[in-house]
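K.L.:
Following the hints, put chains H, P and B with the ligands in place on chain G, whose structure we already have.
Chains as they are written, first to last, in the working numbering: chain G, 1 to 370; chain H, 371 to 724; chain P, 725 to 1237; chain B, 1238 to 1561.
Just to be clear, a hint being listed does not mean it is correct.
As the list claims (entries may be wrong) - In silico DSSO-like pairs for lysine-lysine, Cα to Cα no more than 30 Å straight-line: (1) Lys1558/B with Lys1374/B; (2) Lys1141/P with Lys240/G; (3) Lys699/H with Lys1252/B; (4) Lys1048/P with Lys1141/P; (5) Lys566/H with Lys1376/B; (6) Lys241/G with Lys804/P; (7) Lys566/H with Lys1374/B; (8) Lys1558/B with Lys566/H; (9) Lys1521/B with Lys1547/B; (10) Lys566/H with Lys699/H; (11) Lys1252/B with Lys1374/B; (12) Lys1332/B with Lys1252/B; (13) Lys1095/P with Lys351/G; (14) Lys1503/B with Lys699/H; (15) Lys1503/B with Lys1328/B; (16) Lys1439/B with Lys699/H; (17) Lys1483/B with Lys699/H; (18) Lys631/H with Lys804/P; (19) Lys1371/B with Lys699/H; (20) Lys1439/B with Lys1535/B; (21) Lys1408/B with Lys699/H; (22) Lys1401/B with Lys699/H; (23) Lys566/H with Lys1408/B; (24) Lys815/P with Lys240/G; (25) Lys631/H with Lys753/P; (26) Lys631/H with Lys1095/P; (27) Lys1554/B with Lys1408/B; (28) Lys699/H with Lys1461/B; (29) Lys1439/B with Lys566/H; (30) Lys815/P with Lys241/G; (31) Lys1048/P with Lys241/G; (32) Lys1547/B with Lys1374/B; (33) Lys351/G with Lys753/P; (34) Lys1332/B with Lys699/H.
Honestly, the hints are just simulated from the structure, not real lab data.
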Amino acid sequence: MRKFDKDRLLLGLAGPVLALAVAFVLTSVVLLASDRDPIEPFRLMFDAASFSDVQVLIINQTGTYYLAALAVAVGFRMNLFNIGVDGQYRLAAMVAALIGAAVELPGPLHIALIVIVAMLVGAFWAGIAGILKTTRGVSEVVSTIMLNAIATSLIAWLILPSNFGEQPPGSNDLTTGDIPESGWFPALEVTGGEIYGFTFVAFALGFVYWFVLNRTRFGFDLRATGASSTAAQASGVDAKKMVLTAMLISGAVAGLAGMPTLLGDTHTYSFNFPVGVGFTGITIALLGRNSPVGIFFAALLVSFLDKTSADLDQHGYEKEIATIMQGLIVIAVVVSYELVRQYGLRRQQRKVGEELAAGHALKTAKEAAK
Amino acid sequence: MSTSNASAASAAPKAPRNGGRRPKLTLPVILLIIAGGLALFSLVRVISGANDLTSVGQVSGALQLAVPIGLAGLGGLWAERAGVINIGLEGMMILGTWFGAWAGFQWGPWVGVLMGIAGGALGGLLHAVITITFNVNHIVSGVAVNILALGATRYLSNFTFAEEPGGSSKQSPRIDAIDRITIPGLSDWLADLQDKHWFFVSDLAGVLGGLVTNLSLLTVVALLLIPVTYWALWHTGFGLRLRSCGENPVAAESLGVNVYKYKYIAVIISGGLAGLGGAFLAIVSTGIYQEGQTGGRGYIGLAAMIFGNWMPGGMALGAGLFGFTDSLKLRGGAENVHAMLLLIAILLVVAAAW
Amino acid sequence: MHRGTVHALVGENGAGKSTLMKILYGMQKPDEGTITVDGARVSFNSPGDAIDRGIGMVHQHFMLADNLTVLENVVLGSEKLHGIGSAARRKIRQISQQYGLGIRPDALVEELGVADRQRVEILKVLYRGARILILDEPTAVLVPQEVDALFANLRELKAEGLTVIFISHKLGEVLSVADEITVIRRGTTVGTADPASTTPRQLAELMVGAELPTPETRESTVTDVPMLQVQGLSLAESRQVTVPETSEPQLPTSDTLEEPGVPVGRMLLDGISITIHKGEILGIAGVEGNGQTELIETLMGMRNPDTGAITLDGVDITHAHTRKRREDGIGYIPEDRHRHGLLLESPLWENRILGHVTEPPNSRRGLLDPKAARRDTLRIVREYDVRTPGIDVTAASLSGGNQQKLIVGREMSHHPKLLIAAHPTRGVDVGAQAQIWDQIREARREGLAVLLISADLDELIGLSDTLRVMYRGRLVADADPATITPEELGSAMTGAATGHLEHPQHPEDGEAR
Amino acid sequence: GKTSSDAASDSGEIKAAIAYDIGGRGDQSFNDAAYAGLSKAEKELDVKGTEAEPSDGEADADKVQRLTSLARAGNNPVIGVGFAYAPAIEKVAPKFPDTTFGLIDDSSVQGDNIANLVFNEEEGSYLAGVAAAKVSKSKTVGFIGGVETPLIKKFQAGFEQGVKDTDSSVKVLSQYLTQPPNFDGFVKPDLGKAAAQGQLDKGADVIYAAAGLAGSGAIEAASKADKWAIGVDSDQYNQKGLAAYKDNILTSVTKDVSGAVFNLIKSVKDGDPQSSEIRYGLDKSGVGLAESNPAYTKMTEVTEAVAAAKQNIIDGKIVVKTTP
Ligand SMILES: Nc1ncnc2c1ncn2[C@@H]1O[C@H](COP(=O)(O)OP(=O)(O)OP(=O)(O)O)[C@@H](O)[C@H]1O
Ligand SMILES: Nc1ncnc2c1ncn2[C@@H]1O[C@H](COP(=O)(O)OP(=O)(O)OP(=O)(O)O)[C@@H](O)[C@H]1O
Ligand SMILES: [Mg+2]
Ligand SMILES: [Mg+2]
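Looking at chain G on its own, in the form it has when it is part of the complex:
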């Protein structure tokens, strides 16, 4: 069996590496076809990545994406498709910023309050979809799409100066007001900038995710539900409770996704707060196959493409190259996963057949007695 696994590991690594190469080649073909230098953009991107300030940007972005992707992955692990991570993330960041700006507490408490509010709001917003699904059978795809739109309107209303927001004098922006310094998350000072402290919390959460999924009963139930909802139910999993719990957790994690930026950089929620993070999270979760390590590399890859392509236009190349490449990478990687998986499955089945035919089955009690 050991050898089996080593081969599998090799196969598992070969897939993505090959896929990346294919995606790069295809992108070069696109560049060639449009009469552009097929190599130069990559060189520019790798150059950009060698700068420490870009590296800091990449790391910080990875943290945010990592959280968003974890939120999506929690749902995916039991076949819930939480399209609403974006709305949960925005609403949570907004409300957390409001509360954070409104109170004055000693440091750690202040941060804890903001983080908890964010988690609660995210969980609440996702929970609505969960409740609709468990009580009314409403598809979470539909309800979370709608909830995204409602979150937009709700935020727009809450942030009006006549309600809870404020308009800094001379500005055309609306904000929630600034969180006092006690609510700022300490950052790691490095050459090239600051790495948001919350980024490390994000990565730590990856470990928690792994632990919960693989080492707790709840995690087993969740995975079992994802693998076969009927079998899980027969095994004693309460399907409805599971759906609701998974949505709540997914929403809470989605709520955290805004924290690196909020606590580390902007300290306020405004129209400039990044959007679309939840949707990128879907891509990343799928690319990382819902595994904590896979998601990390996927988030890193996407952040890398994002940040290193930012200056391409100043060198006369279209930034869209990075988007095209991202699409090609997703396709190439998942196709390769699938090919490798099918190959592995066939191999396993053949091995099972062969070993059984050769009489190498694990010795049974009877045979052992002989």
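P.N.:
Relative to the frame of chain G, chains H, P and B with the ligands by itself:
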């Protein structure tokens, strides 16, 4: 645990489950439901005084906003009936807007429509190759198609529209409009009737008027596609085979149905319909291509389809509802908002009582 | 094999019978070898090719789309023959009458029972004008009367000059219907047998090299300590009324199983009361679709009863969750192992945890203990003779019989007080059957109470201490397993007899077939 | 390690850079106006221009990075197009005291090397209101705002005040297309069209759309109904994409972003860089009302009323509100 596979398999069961309790909606029942709905609207209109609620303009505006959503939803329906989830509708729509506009401003709107369909179908083909041939998780593939379509069209605009007069890297030059039809006597008569604000009668007139006033020919085509889809999927051997691929592909295969072929066809048609929706946006709704023009309508179409229980009629109703609320919101006015709230309240009460 | 004959194929689990048939039907490609039909060498690339050659197949697992009507299922793929409309409907009615199949073309397949589905499958084949019919384990889910009816159909087909290939693990049936028998083992033919001069025992030896096992339970271990008590359990069908009640008359075609006029929300379980004592095996006989599935699912807590009470070992568990019930000592061998018993894509050791995640050795202090679980999986594999190269392979890569052994091993490992066993040996070859029966018997001796549901009446009669018959959600009859014959039981199952089934003649032993 | 712009060298020539807002170059509106200013400077002042586009949904940190790298590359001035750049400029400007940072549409962030280029949109809109009230026969006019932001509310406030001051019996219908962060209301003409249709159905015969590209839909709808439309930002009468509807474009409220950008670059080149708030109102012709449509200039009664109002505003006799 292979999650990539698990979620693909799982998403499938979300597909049509109307089996044993398939409600037999006969024509009288449908008419009764429609009449009931209209009466409700009428009531709300009279109470709230929002005469715009069922005006000709409101209905025709709603129709215009609903068509792209409906076409995307119809595309989703074709794919899902063949057992393929199509999250890539958004991307296929984007391809539709781009190709539709690109051909449209050079060779006229109808060529644009055809190219829009072709563009969407191309996206569908890609989705088909990934999901059917390579058996990749449908959602992953859809997401990839969306990203790729976005990147590709934006990239291409730099070489095409940017060099045209009146165009830029973000938008195409203007496309000639498609002919619009208004049935002269009938339209005016209905509009007059609607202006009287009588209970029910005026509302009916408004709705009918909205459906026959200032219609783009492409709108007519889009509307016809709903019954055509129903007929093709439920009343032809082709449709039966296609649906069987969604219901039980192994069974279909065991009867000599080429499951691959039908899935391919379905997903390509699905892309084509989404592409048509995109072309409609570019050519009829706005007259130009614009970056970000689809704005998530592909997803909304998918939602409309799920809302409509994977049936063309239900999907159309869902799309209509989205279009209606959008239109109501855009046409604005405090009365409209009040009317909408009232409507929601009544529906909630009805739902709770039921 | 010859025209106008019934040719039987037997062999142990995973011998390659289904695979061979799939090749004949063009669903799988052979590595080498040839197929000859009517003197012509053929090679099939798809089932379509096989259908064109007049071959039709009824699969081990039904190949029907539940959400489509019978008509749609039948005409699918052969729309050219008679269209998909009224001509096709006429043709179906005609075939149905000709062979006495009793099929209604506009019923939804979802609403059909297994026997009906079986006939739809046969009709599908006939509709295409097949001359060679392949039936893969068609009798596994049928009661004797239905089996007889099926065999009558087969003889009719044979008389019309059709060739039938027939696969079954029930050797008695094979001998009664087949004209020729081929035995295969590990993918090769190991012999042929003449049904006229072969006994089931000889056939079994040929198949597995072992004796034909019997499910008979000799000494009684029944105690008078009640383990499971069920009082007046009722469950109404929870049809979601999406159409107003008034439109009900418009649904005349969709009540194949129900009598016309049965209201929406008919009773799936109607006043069920049973008591199972320690050391007792209570067998429930019944045609599929008469409430057995619902009874089990209600006992497991997967459905909520409308009325009634369930008491396990003196504790009321009527409203307890499934997990609580499992922790309290209910073991469960589900009817559909793929849907309810296994995570097919997960490794064996995770499957060992399934259903017992809160119990040792799978978890300790709230956390999973993969090491212990793996160790215990190895033990189960060894003790229950699960043929596998290791515990990291997926459950899907095991053959059906070995999957079943894993499930039995898992459930027995937690020393249940009550075992709910549905068709514990369905599709399992004779060798593995014996093992499973042994394990059930052994646990019973130690005080296990068993609720046994099986379509295999020999198994039911042989294992049970007490027998009940379920019909339309009610327990309509009881019988003494020592005296009852499968045929009598079968007739009670169709509702023909109720009350206590008295045996008119003297007792017959369970081995008789 | 090194940072992204250590690579940059400092040569003698003057280099100017603009960092675009969402939409980027080619939006036929705000960003394009800024680009026009830059290219004018390239031609007339012999500066070398650089442009940088944002990514969708990006964070402040990305804007900081963009401005930093532009400043490090030796660009001076570096202009952030749109109020979204305010937080980024606040962070970057102190690190480059010798570089002038231009910030359009925002004066919340101040500094010695920050030039806040702001406009009195409400004043131009006031004039549009005067014109609209004068030409309206149905006594109903419409305002369509793209996205409900404080900036667009200035347009609404000015317009409504202009209408009421001119003829208090004229009704103003106001409608926004979307709420932030959904900026569809600036880019989707079909939304503008539906909203305009609604106002036309309610009897409006002049529609003022401050909705970027989405406004073209409103113009289309007004033109189809043969009613008046008022454009925004640039003189839309002369826009190629709208040629088919030009006859119905009464006038446009212009906002001279292009000139403001040019002026800033020029001031830097001349060695006297602008700093702190530079307000463009009617007085400096930073905002105004276009007069390209002959049909409009022929309405002397209207143009006179507009001219009078303009003078009053410049003289301070009329104070235009910035919030509705
Ligand atoms: N394509 C294949 N490659 C390798 N092994 C295969 C393949 N298909 C099936 N097998 C193996 O061949 C064996 C034969 O399986 P098959 O389903 O034909 O058994 P069977 O005789 O029908 O058994 P049962 O009585 O349980 O139905 C199984 O052990 C299976 O694992
Ligand atoms: N094409 C194939 N390649 C490899 N393995 C296969 C293939 N087809 C079937 N198998 C394996 O063969 C085993 C038995 O095959 P089959 O599907 O015929 O089941 P079966 O033994 O008849 O099932 P059951 O006894 O549960 O009814 C399964 O475990 C399956 O994984
Ligand atoms: Mg088999
Ligand atoms: Mg089997």
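K.L.:
Determine for every hint whether it applies to the structure shown.
P.N.:
Hint-by-hint comparison with the structure:
Between lysine 1558/B and lysine 1374/B the alpha-carbon distance is near 26 Å, which keeps this suggested pair within the 30 Å criterion. For the hint pairing lysine 1141/P with lysine 240/G, the CA-to-CA distance comes to about 28 Å; that is within 30 Å, so the pair holds. Taking the CA atoms of lysine 699/H and lysine 1252/B, the gap is near 47 Å; set against the 30 Å cutoff, the hint is violated. About 13 Å separates the Cα atoms of lysine 1048/P and lysine 1141/P, which keeps this hinted pair within 30 Å; it holds.
At most 30 Å may separate the alpha-carbon atoms for a hinted pair to count; lysine 566/H and lysine 1376/B meet this at roughly 22 Å. Distance check on the hinted pair: lysine 241/G and lysine 804/P sit about 49 Å apart at the alpha-carbon level, beyond 30 Å; violated. At most 30 Å may separate the alpha-carbon atoms for a hinted pair to count; lysine 566/H and lysine 1374/B meet this at roughly 23 Å. A distance of roughly 40 Å separates the Cα atoms of lysine 1558/B and lysine 566/H; the hinted pair therefore is violated under the 30 Å criterion.
At most 30 Å may separate the alpha-carbon atoms for a hinted pair to count; lysine 1521/B and lysine 1547/B meet this at roughly 12 Å. Pair hint lysine 566/H plus lysine 699/H holds up; C-alpha atoms about 23 Å apart against a cutoff of 30 Å. Distance hint between lysine 1252/B and lysine 1374/B is unfulfilled; the C-alpha atoms sit about 52 Å from each other, more than 30 Å. Taking the CA atoms of lysine 1332/B and lysine 1252/B, the gap is about 18 Å. The hint holds against a cut of 30 Å.
Restraint check for lysine 1095/P and lysine 351/G: the C-alpha separation of about 24 Å stays at or below 30 Å, so the hint holds. Of the supplied pair hints, the one linking lysine 1503/B and lysine 699/H is violated, its CA atoms being roughly 46 Å apart against a limit of 30 Å. Our distance criterion of 30 Å between C-alpha atoms is met by lysine 1503/B and lysine 1328/B, whose separation comes to about 25 Å. The hinted pair formed by lysine 1439/B and lysine 699/H meets the criterion: a straight-line CA distance of about 14 Å does not exceed 30 Å.
In summary, the hint linking lysine 1483/B to lysine 699/H is supported, as the alpha carbons are separated by about 28 Å, within the 30 Å threshold. Restraint check for lysine 631/H and lysine 804/P: satisfied, since their Cα atoms lie roughly 18 Å apart, inside the 30 Å limit. Note on lysine 1371/B and lysine 699/H: the hinted pairing holds, with a Cα-Cα distance of about 29 Å set against a maximum of 30 Å. Annotation: proposed proximity of lysine 1439/B to lysine 1535/B holds, straight-line Cα distance about 28 Å (limit 30 Å).
The straight-line distance between the Cα atoms of lysine 1408/B and lysine 699/H is roughly 20 Å, inside the 30 Å bound, and the hint therefore holds. Restraint check for lysine 1401/B and lysine 699/H: satisfied, since their Cα atoms lie roughly 25 Å apart, inside the 30 Å limit. Between lysine 566/H and lysine 1408/B the CA atoms are separated by roughly 23 Å; this keeps the pair inside 30 Å, and the hint holds. For the hint linking lysine 815/P to lysine 240/G, the alpha-carbon distance of about 46 Å lies beyond 30 Å, and the restraint is violated.
For the suggested pair lysine 631/H and lysine 753/P, the alpha carbons sit about 20 Å apart, so the restraint of at most 30 Å is met. Taking the CA atoms of lysine 631/H and lysine 1095/P, the gap is near 47 Å; set against the 30 Å cutoff, the hint is violated. With a CA separation close to 24 Å, the supplied pair lysine 1554/B and lysine 1408/B stays within the 30 Å bound. At most 30 Å may separate the alpha-carbon atoms for a hinted pair to count; lysine 699/H and lysine 1461/B meet this at roughly 22 Å.
For the hint linking lysine 1439/B to lysine 566/H, the alpha-carbon distance of about 15 Å falls within 30 Å, and the restraint holds. The straight-line distance between the Cα atoms of lysine 815/P and lysine 241/G is roughly 50 Å, outside the 30 Å bound, and the hint therefore fails. Distance restraint check for lysine 1048/P and lysine 241/G: the Cα-Cα separation of roughly 15 Å lies within the 30 Å cut-off, and the hinted pair is therefore satisfied. The straight-line distance between the Cα atoms of lysine 1547/B and lysine 1374/B is roughly 23 Å, inside the 30 Å bound, and the hint therefore holds.
Taking the CA atoms of lysine 351/G and lysine 753/P, the gap is near 19 Å; set against the 30 Å cutoff, the hint holds. Taking the CA atoms of lysine 1332/B and lysine 699/H, the gap is about 46 Å. The hint is violated against a cut of 30 Å.
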